[in-house]
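**Student:** With chain A fixed as given, assemble chains B, C and D onto it according to the hints.
Line order of the protein sequences matches chains A, B, C and D. Taking this note's numbering, the leading residue of the first sequence gets 1, the next gets one more, and so forth. Taking this note's numbering, the leading residue of the second sequence gets 1, the next gets one more, and so forth. Taking this note's numbering, the leading residue of the third sequence gets 1, the next gets one more, and so forth. Taking this note's numbering, the leading residue of the fourth sequence gets 1, the next gets one more, and so forth.
FYI, nobody ran anything at the bench for these hints, they're computed from the structure. Only true hints are included.
Note that identical chains are pooled: a pair holds if it fits in a single copy or bridges any two copies.
Simulated pairs of lysine to any residue, SDA-like, Cα-Cα distance not exceeding 25 Å:
(1) K119 with V91
(2) K119 with S186
(3) K119 with G90
(4) K119 with Y141
(5) K119 with E203
(6) K119 with T211
(7) K119 with G35
(8) K119 with D88
(9) K119 with H38
(10) K119 with P181
Nothing here was measured: the structure is a model prediction, and the numbers come from that model.
4 protein chains.
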Amino acid sequence: MATILLTGFEPFGGEEANPSWNAVRAVRDSWSGPGTVHAVELPVDFRGLDAVLLDAFERYQPDVVICTGLAGGNADIAVERIAINVKDPGVPDNAGYLPVDEPVDEDGPAAYFSTLPIKPIVARLAEDGIPARVSDSAGTYTCNYVFYRLMRALAELRPHAIGGFVHVPYELAQAVGSVRPRPSMSHETITRAIALAATTALESLEQRLDTAVGLT
Amino acid sequence: MATILLTGFEPFGGEEANPSWNAVRAVRDSWSGPGTVHAVELPVDFRGLDAVLLDAFERYQPDVVICTGLAGGNADIAVERIAINVKDPGVPDNAGYLPVDEPVDEDGPAAYFSTLPIKPIVARLAEDGIPARVSDSAGTYTCNYVFYRLMRALAELRPHAIGGFVHVPYELAQAVGSVRPRPSMSHETITRAIALAATTALESLEQRLDTAVGLT
Amino acid sequence: MATILLTGFEPFGGEEANPSWNAVRAVRDSWSGPGTVHAVELPVDFRGLDAVLLDAFERYQPDVVICTGLAGGNADIAVERIAINVKDPGVPDNAGYLPVDEPVDEDGPAAYFSTLPIKPIVARLAEDGIPARVSDSAGTYTCNYVFYRLMRALAELRPHAIGGFVHVPYELAQAVGSVRPRPSMSHETITRAIALAATTALESLEQRLDTAVGLT
Amino acid sequence: MATILLTGFEPFGGEEANPSWNAVRAVRDSWSGPGTVHAVELPVDFRGLDAVLLDAFERYQPDVVICTGLAGGNADIAVERIAINVKDPGVPDNAGYLPVDEPVDEDGPAAYFSTLPIKPIVARLAEDGIPARVSDSAGTYTCNYVFYRLMRALAELRPHAIGGFVHVPYELAQAVGSVRPRPSMSHETITRAIALAATTALESLEQRLDTAVGLT
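Pulled out of the complex, with its shape left as it was, chain A reads as follows (with noise of 0.2 Å):
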């Protein structure tokens, strides 16, 4: 049985709540097969995160990792393509923490891409009427940082798992009362989206393992 770990952020910015962690552990407690899913809340501590994402790697041995976060003023799910070397968030993290152009692993590669089925979740998503779209940048924040620190535990730790990241919009009540206005999603839209995301990538790994098995 194939074990999903999903990841969201806490708060940050001032704001009460983060939707990318209010759906993930949306979609762990209404999860009902196939495989399990553990949910995981993250800092947003660019010094703080890597143990927390380690110690959920070793404490659940996962086969698909989705991390999800919030991307404020996006009207769409967002599926990243890449994650890249560089730490330069333009604001202090929760901790305070403000690195400028800084690599996020100095003797790391310039990138890493998502290894979840990125077009597929794209298209799934569509089938059932959420709009998301391929995204191409990540953003330089904790965001892109996890993202990229997964992708390389994953390429070290776990080669045969797979993963990547997702940004999801503002929920509909961040959007009340703000100067402009700001597209927004329903919380039941983006757990069902972040749930989708993860029945495509169970399946995209589970064709893969019957594709190898059937090779040998």
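**Tutor:** This is chains B, C and D only, laid out in the frame that chain A set:
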């Protein structure tokens, strides 16, 4: 018992559905009171609108009228403040008619203000977690046209009644596969917004009537 | 010889300059005819505007009046179609005054249409390579306020004269360093746009006068 | 004397001109030193780009290379940070070729970072009143493609040289008459921006060489 008339538009511009009519119909079908809700689908046709609107006026004798339409590209519910005396849609209506800088009514005033409680409606939606705002332009297409005709009809035929116009965003599915990401809202959320607007308008009307009675 | 009055606003909202006044002043300083151009800087002050506007009216006896203001976030020149009878700025003016849903004039009509040749101005700017459009809302701040007061003053005091309002984008330098990218336009382009608007208005006025003479 | 190579693209997508080539050509024609500027127009053709780029490399032996392209919809100058190893344009190039999720180079790394002084270029433009920012995605079209090929060519053929990519907005005239307002910039401003980027890159290269000499 108060009577509420809701209108939505038929599809236009190549879209398969119009979220305004979808929502208005759903509000009617699920309405449990107070009062009675009637829903009418209007054609996107400058020259055919009046007959349908006035027919509904005669048939239902409404106390509250909320006309609704799609504002593609909007991220929130827009409660319109004012209808202006001009037809200048820029693109032909569904009947192929394209007026340019023509008045709605040759002998009408430059504009009519909505008589709905526009700020209380926005506040009520916000309480319910739905992003909304007062908008100062309903455009110069059939939305503004029906809004102007409605306000004139109310002023002349049913001065005790109140009415106005609400623009809704694309439905979720209409944002799927668009070249540029489009803000959107789920059908469920739009429907809840229109129902809350109707409820708020009704309460406002009753307060006014109570006050009027109290004064006699 | 025709007299043209141009107005721009003083800075507000923490900005150091207002591109509308910068442009209007530059048009005056570089104007080589036909006619005479006067430029007046208006305060962002609902209660102080009238005195300055009416003083300019008396002093210059203008035949054409174009009031201008900043529409931060706009990407093009917006030639306004209509001024509405409401003050509802959402933020206080420079004097700290914050009216909410108040009329501009208790006894005034709901709206006044611009008497400038709004479509010909847009076409003239397009010919010159400057993006422009007709806008159907000048907002509910001091821009709309002065526009409404101007149209009323023209109707009552100078019925042969024409006037209206033009919104301009941020100047280039105001978009430097903003958190989210802001559309902007160079001072030179904005100035050229206002000069072309004035020229087009003047030609329109002269055509009308010629026609009127021809009719006698 | 340092040699600078600037590239811009030919028009695509039905546009009559490409502001990147317009600017690059104008920089070359008005350059008064230091160094020599060469300008090359590249085809919007994945399979034809390399020959033109490498031919320019051989002919001009550049010390600084700045490739430029149009990012329609951008409001400011985008100094790109990273080129990624993927071709996925979504629409066919000018030769009708439409790769889907293909690598730029089968055996290349996932990405290359720009070796231009990207933050100093942004700062220099800001000093000059031109809005600019570092961008973390050059897309997956021919812009990213030439950027990736450039960085690989520099790494392999001219390791002492520096290079990168700059995206420019629509030119003013390209925003005229568009259905939705488009941010744009005047040709003069875009040209000044590219000239300042070249100057800043040259100074950065010289500082680096001075430092290297000082170390011996």
